[in-house]
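Trainee: Here is how the chains run, residue by residue.
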Amino acid sequence: MALLDRAQWYDIARDTRWTPRYVTEAELFPPELSGGEGLPDEVWATYDEPYKVSYREYVDIQRQKDAGAYSVKAALERADLYNKADPGWISILKEHYAAVALVEYGASFQESRFVRWSKAPGMRNMATFGMLDEIRHGQIQLYFPHEYVNKDRQFEWSHAAMFTDNWVTLGARHFFDDVMMTRDAVSTSIFANFSFETGFTNLQFIGLSGDAAKAGDFTFSKLIQSIQSDEARHAQLGTPLLQMLIENGQKDVAQKKIDIAFWRSYRLFTILSGIPMDYYVPLDVREASFKEFMEEWIVTQFMRSLEDLGLSKPWYWDIFLRDISEHHHGQHLGTYSWRPTLWWDPAAGVSPEERDWLEEKYPGWNGTFGKVWDVLIDNFANDRPEKTVPGTLPIICNVSQLPIVGTPSQTLRDISLVHEGRRYHFASEVDKWIFEDDPERYRHHKNLVDRFLGGEIQPADLGGVLEYMGLGSVGPGGDDAHGFAWVDTYRKQLVKAG
Amino acid sequence: MATIPLAVHFDGDFVLKLLPADSEHTMDELAAAAAENSVGIHVPDQPGRTLRVRRQGDAQPFERASTVAAAGLGPTECVEVYFE
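Chains A and B, in that order, give the protein sequences. Residues 1 to 498 in my numbering are what the first sequence spells out, letter by letter. Residues 1 to 84 in my numbering are what the second sequence spells out, letter by letter.
A portion of the hints provided could be inaccurate.
[To be verified] Covered, in the sense of this in silico footprint (three residues per stretch, anywhere, with C-beta under 8 Å from a C-beta of chain A), are these stretches of chain B:
| no. | segment |
| --- | --- |
| 1 | 15 to 21 |
| 2 | 47 to 56 |
| 3 | 63 to 70 |
| 4 | 73 to 80 |
Since the hints were made in silico from the structure, they are not lab data. This one's a predicted model, so the numbers in the text were calculated from it and none came from an experiment. Even for Gly, the Cβ is constructed at its ideal location relative to N, Cα and C.
Can you make the complete structure from the sequences, with help from the hints?
Mentor: Here it is, written out as structure tokens:
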């Protein structure tokens, strides 16, 4: 029997408009879960997804993607690329898998909430594929690192990280719960699918895919290409909703959702992408700086997608443009200094040659962040390792949940406010604005320092903090990825200087 | 005597650090305690120069002999510590 062309039946299969008889419309689609208040009922049927696919086509394509990724993995296992890879690259794998794999499972719940609660039939249909995408992403990103567990116990974090109270996990969970799990269907699709996935997963998956291929890790490169091809499709879920909001007089509502999600996504990616791209990727295969990736994927491409919709740059655009040259440098210094609190071994990335590269990409780096590294290097080179790990905790932002960092003697400062008797700290004016816009959403969360000061962490010292975060029990905490071999150059300089 | 946790911005450092301060400590003692977390760790020492403490944003430092309690600093309020 001849198959009908997809266009002849697609709308019938997709447009499952329900007419409730036993419950009210509000009971079927509770506003707090469905969202879109103020949009006329008739607009929901106009939702039209840009990527059309049938279930038959979807399954066939996904089977091919999985076959490709798994066959590359199987072929390259025999090549033993793991043991030949630069330790900095291995650290990227550890950081990535633990921060991402379980979150992908969370994203399948996000999409399944669209399937149930979205009032737009087209979105419910498209989100079904998105839900299946995310289950695949969770499974494949747990399966691939599993083979490494017998090589290095830190890979156990790939599965365990999101079940711990590690400070990076606290930050990631806070972000993903905010943008992905606790908002109505319309808001979530704009926060997570449009703002986060359209912009920032491109950065993580395409940017790192190129570096992976150059570093010889074709398994990882193929894996994240395979995932990105799904993201490119379901990231589009929010775009038709944005158009519906704008056409129905809610442009300001749409803009604010994007402004909040964009900044929150950016901050998290300074850790997930910024640090690896500028410090962990071996210098000889490094494709571009984090700032250059940001300029290509965010400043240019994401902004074009906003302008196409008739929206504007976020109000803090000037702050953002300055920030992409500095914030991740501070976070790198912080993660490296408190390396026992990480589940991966950070690469310092500050050999003389690497410092030259940093100075070229970020003029002035040597005179600011480089001066702090000078102190660290002096301690390493003169055998004072105990002075390279601070004995206290950093102050942590109550929105981003990341340490409050800045350019030394230039931009570092505390931005705080007292809300109902509690002082909250912020790493930027933007984080403060996000909090002030909806304090009820954020005020009850306790970051690591809040928990420490509240007596939840015992004993109240660095050892107690490490145990609280799961270090040692899940897998060992971090130390220098290269075993401090990079310090030798500086030791030789000391000897030479006499 | 009570512990008042403060946020410290040590000039030249890249990150704000938590310091459990003693309410009866003088500003010189507070500065010395803050220095233990930054000088020689992330900030180079400047021998012969005096450390001063001020509330973030203030032009003038606290008197060196005044106490944390007398300064009226609240929990996790930010102080700046710098070489004069």
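Trainee: Does each hint fit the structure? Answer for all of them.
Mentor: Each hint tested on the structure:
no., hint, verdict
1, 15 to 21, "holds (count 5)"
2, 47 to 56, "violated (count 1)"
3, 63 to 70, "violated (count 0)"
4, 73 to 80, "holds (count 5)"
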